[in-house]
Amino acid sequence: MSDIQTVEKVSPTKDLEPIVNDFSITVGTVNGSGSQTSNLTILRALFKMGIPVSGKNLFPSNIQGLPTWYTIRVNKDGFTARREEHEIVVAMNPATFAEDLEKVVPGGAFFYPDDIRQAIRRDDVVTYPMPVKHLVRDSEAPANLRDYVANMVYVGVLAQILGIDLDKIHLALDFHFKGKQKPITLNFSIIRSAFTWVAENLVKQDPYWLEPMDATHDFIMTDGNTAAALGSIYGGVHFVSWYPITPASSLAEALEQYLPTLRKDPETGKNTFAVVQAEDELAAIGMAIGAGWSGLRAMTSTSGPGLSLMTEFAGFAYYSEVPVVIWDIQRVGPSTGLPTRTSQADLSMVNYLGHGDTQQIILFPGSVNECFEFGWKAFDLAERLQTPVFVLSDLDLGMNQWMTNPFNYPNTPMDRGKVLWEEDLEKMAEKWGRYLDVDGDGIPYRTLPGNRHPASAYFTRGTGHDEYARYTEDHEDYARVMSRLKKKFETARDNVPKPVLHSMGEAEIGIIAFGSTEPAIAEARHYLSEQGIKTDYLRLRAIPFSKEVADFVHAHQRIYVVEMNRDGQLHQLLTLEFPSQSEKIISLAHLDGLPVTAKWVQEGIQAKEVK
Amino acid sequence: MSNQTTTRPRVNVNLAGLQKSDYRGATSTLCQGCGHNSISSQIIAAAYELDLVPENVVKFSGIGCSSKSPTYFLDRSFGFNGLHGRMPSIATGAMFGDRTLIGLGVSGDGDTASIGMGQFKHVMRRNVPLVYIVENNGVYGLTKGQFSATAETGLSLKNHGTNPYMPVDIAWEAVVSNATFVARSFAGDPKQVKELIKAALSHNGIAVLDIISPCVTFNNRDDSMHSYAWGKDHEAPLHELSYVPPREDIMIEYEEGEIIDVTMHNGSTVILKKLEHDYDPTDRARAIVMLEEANAKNWLITGLIYIDTSKPSLLDIYGLTDTPLNRLPEDRIRPSRETIQKVNELMF
Numbered sequence: 001m002s003d004i005q006t007v008e009k010v011s012p013t014k015d016l017e018p019i020v021n022d023f024s025i026t027v028g029t030v031n032g033s034g035s036q037t038s039n040l041t042i043l044r045a046l047f048k049m050g051i052p053v054s055g056k057n058l059f060p061s062n063i064q065g066l067p068t069w070y071t072i073r074v075n076k077d078g079f080t081a082r083r084e085e086h087e088i089v090v091a092m093n094p095a096t097f098a099e100d101l102e103k104v105v106p107g108g109a110f111f112y113p114d115d116i117r118q119a120i121r122r123d124d125v126v127t128y129p130m131p132v133k134h135l136v137r138d139s140e141a142p143a144n145l146r147d148y149v150a151n152m153v154y155v156g157v158l159a160q161i162l163g164i165d166l167d168k169i170h171l172a173l174d175f176h177f178k179g180k181q182k183p184i185t186l187n188f189s190i191i192r193s194a195f196t197w198v199a200e201n202l203v204k205q206d207p208y209w210l211e212p213m214d215a216t217h218d219f220i221m222t223d224g225n226t227a228a229a230l231g232s233i234y235g236g237v238h239f240v241s242w243y244p245i246t247p248a249s250s251l252a253e254a255l256e257q258y259l260p261t262l263r264k265d266p267e268t269g270k271n272t273f274a275v276v277q278a279e280d281e282l283a284a285i286g287m288a289i290g291a292g293w294s295g296l297r298a299m300t301s302t303s304g305p306g307l308s309l310m311t312e313f314a315g316f317a318y319y320s321e322v323p324v325v326i327w328d329i330q331r332v333g334p335s336t337g338l339p340t341r342t343s344q345a346d347l348s349m350v351n352y353l354g355h356g357d358t359q360q361i362i363l364f365p366g367s368v369n370e371c372f373e374f375g376w377k378a379f380d381l382a383e384r385l386q387t388p389v390f391v392l393s394d395l396d397l398g399m400n401q402w403m404t405n406p407f408n409y410p411n412t413p414m415d416r417g418k419v420l421w422e423e424d425l426e427k428m429a430e431k432w433g434r435y436l437d438v439d440g441d442g443i444p445y446r447t448l449p450g451n452r453h454p455a456s457a458y459f460t461r462g463t464g465h466d467e468y469a470r471y472t473e474d475h476e477d478y479a480r481v482m483s484r485l486k487k488k489f490e491t492a493r494d495n496v497p498k499p500v501l502h503s504m505g506e507a508e509i510g511i512i513a514f515g516s517t518e519p520a521i522a523e524a525r526h527y528l529s530e531q532g533i534k535t536d537y538l539r540l541r542a543i544p545f546s547k548e549v550a551d552f553v554h555a556h557q558r559i560y561v562v563e564m565n566r567d568g569q570l571h572q573l574l575t576l577e578f579p580s581q582s583e584k585i586i587s588l589a590h591l592d593g594l595p596v597t598a599k600w601v602q603e604g605i606q607a608k609e610v611k
Numbered sequence: 001m002s003n004q005t006t007t008r009p010r011v012n013v014n015l016a017g018l019q020k021s022d023y024r025g026a027t028s029t030l031c032q033g034c035g036h037n038s039i040s041s042q043i044i045a046a047a048y049e050l051d052l053v054p055e056n057v058v059k060f061s062g063i064g065c066s067s068k069s070p071t072y073f074l075d076r077s078f079g080f081n082g083l084h085g086r087m088p089s090i091a092t093g094a095m096f097g098d099r100t101l102i103g104l105g106v107s108g109d110g111d112t113a114s115i116g117m118g119q120f121k122h123v124m125r126r127n128v129p130l131v132y133i134v135e136n137n138g139v140y141g142l143t144k145g146q147f148s149a150t151a152e153t154g155l156s157l158k159n160h161g162t163n164p165y166m167p168v169d170i171a172w173e174a175v176v177s178n179a180t181f182v183a184r185s186f187a188g189d190p191k192q193v194k195e196l197i198k199a200a201l202s203h204n205g206i207a208v209l210d211i212i213s214p215c216v217t218f219n220n221r222d223d224s225m226h227s228y229a230w231g232k233d234h235e236a237p238l239h240e241l242s243y244v245p246p247r248e249d250i251m252i253e254y255e256e257g258e259i260i261d262v263t264m265h266n267g268s269t270v271i272l273k274k275l276e277h278d279y280d281p282t283d284r285a286r287a288i289v290m291l292e293e294a295n296a297k298n299w300l301i302t303g304l305i306y307i308d309t310s311k312p313s314l315l316d317i318y319g320l321t322d323t324p325l326n327r328l329p330e331d332r333i334r335p336s337r338e339t340i341q342k343v344n345e346l347m348f
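Chains D and L are the protein sequences, given in the same order. The opening residue of the first sequence carries number 1 in our numbering; numbering runs sequentially from there. The opening residue of the second sequence carries number 1 in our numbering; numbering runs sequentially from there.
FYI, nobody ran anything at the bench for these hints, they're computed from the structure. From a predicted model like this one, the values you see are computed outputs, not experimental measurements. Backbone N, C-alpha and C define an ideal beta-carbon position, used for all residues, glycine too. Please note: incorrect hints may appear among the correct ones.
As the list claims (entries may be wrong) - With a straight-line Cα cutoff of 27 Å, these simulated DSSO-like cross-link-like pairs (lysine-lysine) come out: (1) LYS264/D / LYS198/L; (2) LYS431/D / LYS488/D; (3) LYS264/D / LYS158/L.
To be verified - Computed footprint of chain D on chain L, listed as stretches where at least three residues anywhere in the stretch have a Cβ under 8 Å from a Cβ of chain D: (4) 146 to 158; (5) 173 to 186; (6) 276 to 284; (7) 327 to 337.
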C-alpha cells in the first residue's frame, strides 16, 4: 500500500467550473469480459470515499459476448435513483462504440481504448483515448488473464481523471477478492500503471471531479437478494427449496453461502437448516409447503415464470392454510419476457394467485435493509396467519448494489403462531378441530406431524373440508370455511407492516408507490417541491391494505400511483379497494424494464398538475 | 377378509398396546371390489403387525381414486392429500419436520406415471425415506375411464377406443432411477402385499411398490393387463384360480417361482410370476435383465425386485440435529445477537 501515494496526480481543470460529486459514469463492455469486477471496484471505492453512490447493471440474458452497460451515479445530496444522463462514458465495446458516444451529454467525457479505430463525430465532448492493450501487455498479467484485467485500465484512468482514491480502490479489490493477494496485486498493478500513464500523458479537460465526503459511513453496501437471505436466516428459516432463475438465484445462493456458518445448532454443532435445489418450481414450492406443513419455517425464491408454475400450490396452501414464504424477484414478463430487466408487473397475478377465490398476503420491501427485515418478518406473518406470504422484490433491488442502513437484529421474538403440542391438547376440554375459529379472528389452531397425542392428527387436503378437516362437499361447510378465510384476511390487515408516510404537510397531492421506486420518488418530490408542488408520499409495504392506506386516499385530492408495469396494477387494486375514490386515483405506470427515474416521475406529475 | 380367520384365540393387542381397530380409517367411498380397498386393509394389517404407533406415521397422496385411500386407514396418523402428481415434493419437504416419522405415500398410475412422472423420478433420485405405493390399474377412475400411461398398447376402453401408445412400467422406471427398494405385487394377493408393505415400512429410503390393483368399473375389458381376466385365454397350468364373481375382491395365492394367470373383473387376465426363492434382489443388473425378460414374455413379475440398504436416505445427508427441526426452540434457530455486527461487517 505504501507505493499508492507516490503516484503523480492531476488536478481539476482550472478554467472550468468543476462539477463535483454529481454525475453519472456509464461503462459499455462485452458481457462475460470481467468488467463487473472493475465496475464494482469503482462503485465501492466511491462509497468508501464517503460519496453517496448507486450502481445499475444493465446486462443481457447471455453468458458471453453481448453488450452490457453499468451505470454509476454519484450524488452529493444522496439521490441514488437511475438517471438518463451520462456525463462520463467509457466505451470498451467496439460493437456499441457509436451508440455509447451518442450517450454522452454535451460537455461530458468519453473514454475509449485507443485500438478502437472508429470515427468520433462529436466535437462537444472531451475524448480520452486509453492505451489498454499496451498497458496490459506491459503488465505482469499472464496471457490467459489479459482480457479480464484489461478492464482494470479504465479503473486507473478514471481514478486519475476524476479523482478516485487509490487506497479506496485497493480496499474494494481486497473485498472483491476476499483478501487473496495474487489477484489483488495483479489487478491493482494495472490500475496503478494506468493511473500513472494518465498523469504523464493526458491533460484533464472535463469539469467532473470527485471529492471525499462523509455521507456514507452509516451505511453498508450490498444487494437485496443477499439481504433477503440473511434476514431469512435470522428469521429461523429451516427449509429452502428453489429452482434456478434469473434474477432470483442469487437469493438462494446467498442462503447456501451464509447458512452453514450462521445456523449450526449452538448446542450440538449440527445443522438446523436444509436447502434442496428442486427439479422445477412445481417441486420447489411443493417441498416448501410440505416443510411448512410439518412445522418448519420454509421458503422458496423465484421470478415470474417460476411463479406461474407455483400457482397451483399457492392456491392449495391458501385453502389448506399452510404457512410458506415465497420471494418473487420480479423481472419483465409476460412469458419469458426480458429476463434481465426489472419490473413490478407480477402484482395483480400474485394478489389473486390461485384459481377460485384466492387472496394472498404480499409484502413490498422498499430498500435493501427492508429486504432483511421482511426476510424474518415474513415467517412470523406466515405462521401467525397460516397462509403463504409473498415478498415482491425486483431485479433492481435484488441484484444491484445499494447503499443501505446496516441490518438490525430482529426487535421482536419469533411468532410461531397458533400451534398445539401434546401438553396443549392434554389440557383441552373440548375437541380440537383444525379449522375451528376459536378466537374469532379467523385463524384456527394447528398441530404438527410428530405430535404424539392421539387427538393431534388431521388430514390436510385441497378438497372441500369442514372445521375438523373432514372431507366434505356440503355447500354450507364449504361456504363457512371460505367466509372464515375472508375473516382471516381481514385480521391480516392489522398484522402486516404498515405503510411508511412521508409528508410535506397540507399537501393536496398524494403519491402511492411500493418497492424499488423509492429513490426515484424521493428525488422527484424534492424537484416538485422546488417547483412549488407539495406532495405527501405513502410507501405501501403490504397487501392487504391497512387502515392507513384508506386514510391517505381519503385525505388527498389527487393520488398518483407510481409503479413499473404497463397496466397500472396497483392503481387497479386501489380503485377496486376504494371505488368511491377511484376518480382521483391517477395511474403513473412506467413500462420499459429499466428502473424508473426521478425525472420521469416528476414530469408525469407535473404534466397533470400544471395545465 | 376370509383369509385372516384363524382357529387360534384372537390376539387383540399388539406390542404397541393397540388393537387393529386403532389403525382403521374412515369408511371407504371407493367402488366395492376395488383393489385399492384391499391394499388399504393390508396397510392396516402391516402397521398392526409391525407394532407401529400410528402417530409415528405420516401419510401422503396426490389426486385420484388411489389418493383418496389414505383417509381409509390410519386415522390417527397425520395425512396430506396434496395435488395431482405432486405427492413426492410434498413428502420431500414434510419429512424434514421430524425425522423420526415414517412416511407412507399412496399414488396411482395417473398420479405417478402421467402428471407426476417428473416428481416420481426425482423423489427416487433423492432417496426420500418414503413408502411409495402405486395403486396401478391402468385407467383414470375418478374422471370416468380414460387411459393412463401404464395402460398397455392396444387396450380398448369403452369410450376411448384403442390405446396406441407404449405403457410405462413403474417397476422398471424405479429400478433405472436408482430407487433403493422396488417391488411389485397384486392387490388380490394380500399375503404378498402385506409382507412387501412391511418390508417397505422398514426400509430407510424410497420404497416403490407397484401394486396392480384392478379397477372394477372402468378397466374391464378382457384383454387388459390390469383386469382380472387377461389370462383366461392362456391360463397357465401352474395355478388353479377359482371363479371370482364380478365386483368382489379377487384373492389369489401362489408360491415363489410360480406363474399364474389372474382373471380380472372384466374377464381379462394378467400373468403374474412370483420371483424365485433364490432370486437375489440386491443385484441391480440382474433385476434389469429379469424385468426385460418378463416384459418379453408378458409377465408381471411380483415380489421384491431390487433393494439396496447401503445408501443414505435424503435426511441422512443433511447433518441435521437429533431434536426434530420442528421442535427446535427460537434460540437454536435464530443466530445470536452478537452475530449481526459481524454480518454487517461482511457487507461492504
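Given that the segment 327 to 337 of chain L was listed as covered by chain D, double-check it with a C-beta distance under 8 Å for 3 or more residues. Held - the segment 327 to 337 of chain L has 10 residues with a Cβ nearer than 8 Å to chain D, which meets the minimum of three.
Holds or violated: LYS431/D to LYS488/D, with C-alpha atoms at most 27 Å apart: This hinted pair holds, its Cα atoms lying about 22 Å apart.
Hinted pair, alpha-carbon criterion (27 Å max): LYS264/D, LYS158/L. Please report holds or violated. Violated: LYS264/D and LYS158/L sit about 60 Å apart, past 27 Å.
Between the segment 173 to 186 of chain L and chain D, are there enough contacts, at least three residues with CB-CB distance under 8 Å, for the coverage claim to hold? violated (count 0)
Does the segment 146 to 158 of chain L contain three or more residues whose Cβ lies closer than 8 Å to a Cβ of chain D? violated (count 0)
Has the segment 276 to 284 of chain L got at least three residues whose CB is nearer than 8 Å to a CB belonging to chain D? Per the Cβ count (0), the hint is violated.
Pair hint outcome, LYS264/D versus LYS198/L [Cα-Cα no greater than 27 Å]: With a Cα-Cα distance of about 36 Å, the restraint between LYS264/D and LYS198/L is violated, given a limit of 27 Å.
In summary, the numbered hints that this structure violates are 1, 3, 4, 5 and 6.
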